[in-house]
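Q: Assemble chain B onto chain A, guided by the hints.
Chains as they are written, first to last, in my numbering: chain A, 1008 to 1187; chain B, 1008 to 1187.
Read the hints as simulated data drawn from the structure, not as lab findings.
This structure is a prediction, so every number in the text was calculated from the model and none was measured.
On the chain B side, residues computed to face chain A include the following (Cβ under 8 Å): (1) Lys1039; (2) Val1171; (3) Ala1174.
Pair by pair, the computed Cβ-Cβ distance ranges are: (4) B:Thr1069 to A:Leu1090: 44 to 50 Å; (5) B:Asp1081 to A:Glu1077: 23 to 29 Å; (6) A:Gly1092 to B:Val1045: 42 to 48 Å; (7) B:Thr1069 to A:Ser1053: 53 to 59 Å; (8) B:Lys1091 to A:Glu1077: 38 to 44 Å; (9) B:Asn1011 to A:Asp1141: 37 to 43 Å; (10) A:Glu1125 to B:Val1045: 34 to 40 Å; (11) B:Ser1075 to A:Ala1056: 51 to 57 Å.
For every residue, glycine included, the Cβ atom is placed at its ideal position computed from N, Cα and C.
Spelled out, the chains give:
There are 2 protein chains.
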Amino acid sequence: MDINQFVARSLGQWRSQRSAHHLIFAHFEAVKSVIDIVALAPDDASVLALCKDYDIDPQQITSPFRMSWEGESDWDDDRNEELKGTTVLVPVPDLSFANRGKLLRDRGYAETMAAVGEYYFTEDGIFVLETQYDRAAAEEKIWFVNPNLRFRVSTIKTSDGNGVVTASFSSEIRALKSQN
Amino acid sequence: MDINQFVARSLGQWRSQRSAHHLIFAHFEAVKSVIDIVALAPDDASVLALCKDYDIDPQQITSPFRMSWEGESDWDDDRNEELKGTTVLVPVPDLSFANRGKLLRDRGYAETMAAVGEYYFTEDGIFVLETQYDRAAAEEKIWFVNPNLRFRVSTIKTSDGNGVVTASFSSEIRALKSQN
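Excised from the complex, chain A in its bound form (with noise of 0.2 Å):
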């Protein structure tokens, strides 16, 4: 598994079933989403402002990709909570290691901010997303169980990379093949 498979396999429409542990009060949170993949030229006005931001050779990335989400949280019935939002990722492979690379990406997961993770492919076909923010660390493993499922488990953690606060777990199915 390259990046490039890996952004392959992904593109589409998928609905999503999310369970967050709160760790530190063994509380449990749901989330129902529907999440689009699609890919983006490299030469989109979003790709070249990001490879711009982080000072990024555009001949050296890879398949980037657009994420958007919408969603709804179970964690408070009364809000019923709308989660949804789009973020720009571009892959920009290590030139030494295939199977490394940095993903730059224009809004992060765990705060509302630009980031950059490294991410390798264990040889198991997983891919390892590691991001550093300023007050925490992410980890995210994403893996095919099968061409229309995929699972998701992320970390996050204090930013000494000890503490985990929030555990979660995604299972994603296929709702629609790419058009792409």
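A: Using the frame of chain A, we list chain B on its own:
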């Protein structure tokens, strides 16, 4: 990571949050439980009985243990079903591949019957266990985030291995050090 290290790190008492995703109905289930994992002697009567059932030479086994759990599900609030059980597990390392083997179990997760699974470790230290039952197949991935936190992702598939019926995620926090 080998099976002896993995079992040694697993000994003790764990407080588990488990979220099950019933994929066909997009239903969430939340379970809290306490899990106790204790080492057994290689010549414990329950271990020898399991070896005999599967025609395994007790000289080939390593690090047998007992896992017990007691939990509460939110599946039906009226009933508040109690989930309680205990099982003996006996690793049988492969003679040719250090990171592979069989795991004998006197009672399975997916069905209340004895089972033998095949395990291996990935280079990333993830323990992967695959178990075939008569009418279903189960896969578990278990890994340690740190010595006091482990994650477990389980899938129950149709026996042909294609259809995934249930996906579940457990975060397990160490409650007590093992006294073994």
